[in-house]
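Asker: First to last, the protein sequences are chains A and B. With the working numbering, letter number 269 in the first sequence gets 269, and the count goes up by one each step, no holes. With the working numbering, letter number 121 in the second sequence gets 121, and the count goes up by one each step, no holes.
Hints in this document: simulated from the structure, not taken from any laboratory. Each hint should be verified, as a subset may be incorrect.
One copy or any two copies: either way a pair holds, since identical chains are not told apart in the list.
[As the list claims (entries may be wrong)] Calculated pairs, SDA-like style, for lysine to any residue (alpha carbon to alpha carbon, straight line, at most 25 angstroms):
| hint | residue 1 | residue 2 |
| --- | --- | --- |
| 1 | K270 | H165 |
| 2 | K191 | E231 |
| 3 | K187 | V228 |
| 4 | K4 | Q33 |
| 5 | K191 | D21 |
| 6 | K87 | I5 |
| 7 | K191 | L113 |
| 8 | K187 | L159 |
| 9 | K131 | A195 |
| 10 | K61 | K119 |
| 11 | K270 | P158 |
| 12 | K188 | D84 |
2 protein chains.
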Amino acid sequence: MSEKIRVFAPATIANVACGFDIMGLALEKVGDQLTIQKTDDERLTIGSIIGAENIPTDPTKNVCSVAIQAMLDHIGSKQGFHIDISKNISPGSGLGSSASSSAGAVYGANMLLGKPFTKKELVQFAMEGEKAASEKAHADNVAPSLLGGFTVIRSYDPLDIFSVHYPEELIATVVFPAVEVKTADAKKILKPEVALSDAIAQWGNVSALTAGLITEDFGLIERSLQDVIVEPVRSILIPCYQEMKQAGMDAGALGGNISGSGPSVFALSKGKETAEKVGQAMSAVLAKNGIAYELFISKINPVGCEIIN
Amino acid sequence: MSEKIRVFAPATIANVACGFDIMGLALEKVGDQLTIQKTDDERLTIGSIIGAENIPTDPTKNVCSVAIQAMLDHIGSKQGFHIDISKNISPGSGLGSSASSSAGAVYGANMLLGKPFTKKELVQFAMEGEKAASEKAHADNVAPSLLGGFTVIRSYDPLDIFSVHYPEELIATVVFPAVEVKTADAKKILKPEVALSDAIAQWGNVSALTAGLITEDFGLIERSLQDVIVEPVRSILIPCYQEMKQAGMDAGALGGNISGSGPSVFALSKGKETAEKVGQAMSAVLAKNGIAYELFISKINPVGCEIIN
Numbered sequence: 001m002s003e004k005i006r007v008f009a010p011a012t013i014a015n016v017a018c019g020f021d022i023m024g025l026a027l028e029k030v031g032d033q034l035t036i037q038k039t040d041d042e043r044l045t046i047g048s049i050i051g052a053e054n055i056p057t058d059p060t061k062n063v064c065s066v067a068i069q070a071m072l073d074h075i076g077s078k079q080g081f082h083i084d085i086s087k088n089i090s091p092g093s094g095l096g097s098s099a100s101s102s103a104g105a106v107y108g109a110n111m112l113l114g115k116p117f118t119k120k121e122l123v124q125f126a127m128e129g130e131k132a133a134s135e136k137a138h139a140d141n142v143a144p145s146l147l148g149g150f151t152v153i154r155s156y157d158p159l160d161i162f163s164v165h166y167p168e169e170l171i172a173t174v175v176f177p178a179v180e181v182k183t184a185d186a187k188k189i190l191k192p193e194v195a196l197s198d199a200i201a202q203w204g205n206v207s208a209l210t211a212g213l214i215t216e217d218f219g220l221i222e223r224s225l226q227d228v229i230v231e232p233v234r235s236i237l238i239p240c241y242q243e244m245k246q247a248g249m250d251a252g253a254l255g256g257n258i259s260g261s262g263p264s265v266f267a268l269s270k271g272k273e274t275a276e277k278v279g280q281a282m283s284a285v286l287a288k289n290g291i292a293y294e295l296f297i298s299k300i301n302p303v304g305c306e307i308i309n
Numbered sequence: 001m002s003e004k005i006r007v008f009a010p011a012t013i014a015n016v017a018c019g020f021d022i023m024g025l026a027l028e029k030v031g032d033q034l035t036i037q038k039t040d041d042e043r044l045t046i047g048s049i050i051g052a053e054n055i056p057t058d059p060t061k062n063v064c065s066v067a068i069q070a071m072l073d074h075i076g077s078k079q080g081f082h083i084d085i086s087k088n089i090s091p092g093s094g095l096g097s098s099a100s101s102s103a104g105a106v107y108g109a110n111m112l113l114g115k116p117f118t119k120k121e122l123v124q125f126a127m128e129g130e131k132a133a134s135e136k137a138h139a140d141n142v143a144p145s146l147l148g149g150f151t152v153i154r155s156y157d158p159l160d161i162f163s164v165h166y167p168e169e170l171i172a173t174v175v176f177p178a179v180e181v182k183t184a185d186a187k188k189i190l191k192p193e194v195a196l197s198d199a200i201a202q203w204g205n206v207s208a209l210t211a212g213l214i215t216e217d218f219g220l221i222e223r224s225l226q227d228v229i230v231e232p233v234r235s236i237l238i239p240c241y242q243e244m245k246q247a248g249m250d251a252g253a254l255g256g257n258i259s260g261s262g263p264s265v266f267a268l269s270k271g272k273e274t275a276e277k278v279g280q281a282m283s284a285v286l287a288k289n290g291i292a293y294e295l296f297i298s299k300i301n302p303v304g305c306e307i308i309n
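Just chain A, same shape as in the assembly (with noise of 0.2 angstroms):
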């Protein structure tokens, strides 16, 4: 057993349109990438981290220490580790930044353990560093930043989790906008209650995500990538989001939607070719207004995280 691996975690989309609070897919390429060893004392310690500021060092703040000793408390660990992180997500993206170094860092820390636990059972460790960083245990990134793939939340309590099949052809397109969007502000914008009509047109979709995914029915995966309950509510706090969105949808894409709460915005195109068509057309908003992006385009990515060299 190696004592020192290098682990890259993916970036991910939650909120995926109706699906919001419990669907997420991984991305492919973009993701943080964690160096973790095993040291002789019992200290969790951060050293470098590259690519992004204001990410505290204090083990006890730091998302990848806080999600490593949820997991060693669990089974009565004293050991230690040493954290390297290369974060290759913007915190404050929407991509699942804090969750990917979460992921990463338990996925990380359990194989130097021998493997006690599964990738499932990673995610409620990782709920914990996602915790330190939100102040709210989510699962929808985390969960596809470790398994991979589609994953669906079906409950918070207890926690179940499972993954969808989805068409290969599926391809997410995302544009990140350099404008910042606190994740405090897009949960305070959205109300308490909804109405119980929405609710359902909601879960009507939900079920045809579901099944248009499971099926590979397009068709019934673009007529239900719709989101009546929060995407009315939070796109005003993204700069041109329905320009955006509209040149996507004109430019072929199935749908789109808010990527967790912004203000990185996807769309999901059957095929690369359409994928990258829908990428142009909603990174030229951005341009035409003079805001700087981030442009990627990926497959699902099917594997999470992973141990690279």
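Go by the hints and put chain B onto chain A.
Answerer: Relative to chain A, chain B alone:
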């Protein structure tokens, strides 16, 4: 083309647990029988009605003729039909009594007209019949009665219905207590707003139930047959509801809920043997409390409306 046909239109369970207002399934054997005959004049007439009282014979009020009229209006036809109705589903049972009649009527008339419409296209006309009986044009009973199987209403506007694969071994138990629950009361008792957190819990289960059915994952079906929104409110209208449901669960049911707006209560089980034990346990609760009941054990009917001899 025969000028007179006999149609069987199955009873249905709507509001399948978390799938309130969107999910329904068709039952075997129990259902309405209609005899539909082409006539030489332009009138729609209702002949005998067997098996239920207080069903209107006025063709502007009877669900069968109202539904057929909607279909005829759509194609500009003046064809007359005479309909005899044998009701084997009690109105007010929660098993889609008026929906079966509406579905069977348009199915039969469509056959006699040379099938201008698919079964799925007939749903919109059957909904007009439903509207005559219950003010609102619901599709969650007429769709499974027409199409058979397990159906989901993704959207009402535009109307978008799809069929979901389900495991062959999934068996329904239905207990119909001889008490009256007015649909109007059952609707009134629902609040127009729900907590966002409850809505999210519900659509987590909706996604899981859809996936569980399609992938034949009985564990997932069992965990997702939950309803945090409607059951807690409506179940108080049904005598011995909690005790009956618990007895069913103790006997091995995967889950259960109120069928439609009640008072029928359904359970779903893996295999006929379990479904029968569940039926015995549930009906024993009613017997103990001196409440008369009817009990049905049924596979999911894959066919829907059909011509019989």
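Asker: Indicate, hint by hint, whether the structure satisfies it.
Answerer: Do the hints match the structure? See the list:
For the homomeric pair K270 and H165, the shortest alpha-carbon distances inside one copy (15 angstroms) and between copies (24 angstroms) are both at most 25 angstroms. In the homo-oligomer, the alpha carbons of K191 and E231 lie at most 25 angstroms apart both inside one protomer (12 angstroms) and across protomers (23 angstroms), since each shortest distance falls under that limit. For a Cα distance limit of 25 angstroms, the shortest separation of K187 from V228 qualifies both inside one copy, at 16 angstroms, and across copies, at 23 angstroms. Taking CA atoms no more than 25 angstroms apart as the test, K4 paired with Q33 passes inside one copy only; the shortest distance there is 13 angstroms, against 73 angstroms between copies.
Within a single copy, K191 and D21 get their C-alpha atoms as close as 14 angstroms, and across copies as close as 23 angstroms, so both meet the 25 angstroms cut-off. Taking the shortest Cα distances, K87 and I5 sit within 25 angstroms of each other inside one copy (16 angstroms), while across copies they are farther apart (71 angstroms). With identical chains, the CA atoms of K191 and L113 are never at most 25 angstroms apart, being 43 angstroms at best within one copy and 51 angstroms at best between copies. Taking the shortest Cα distances, K187 and L159 sit within 25 angstroms of each other inside one copy (22 angstroms), while across copies they are farther apart (32 angstroms).
In this homomeric assembly, K131 and A195 come within 25 angstroms of each other (Cα to Cα) only across copies, at 22 angstroms, whereas the closest approach inside a single copy is 29 angstroms. With identical chains, the CA atoms of K61 and K119 are at most 25 angstroms apart within one copy only, with a shortest distance of 23 angstroms there and 60 angstroms across copies. For the identical chains of this complex, K270 and P158 are inter-copy neighbours only, at 23 angstroms across copies versus 35 angstroms inside a copy, given an alpha-carbon limit of 25 angstroms. When the C-alpha separation of K188 and D84 is checked against a cutoff of 25 angstroms, the pair qualifies neither within a copy, at 33 angstroms, nor between copies, at 59 angstroms.
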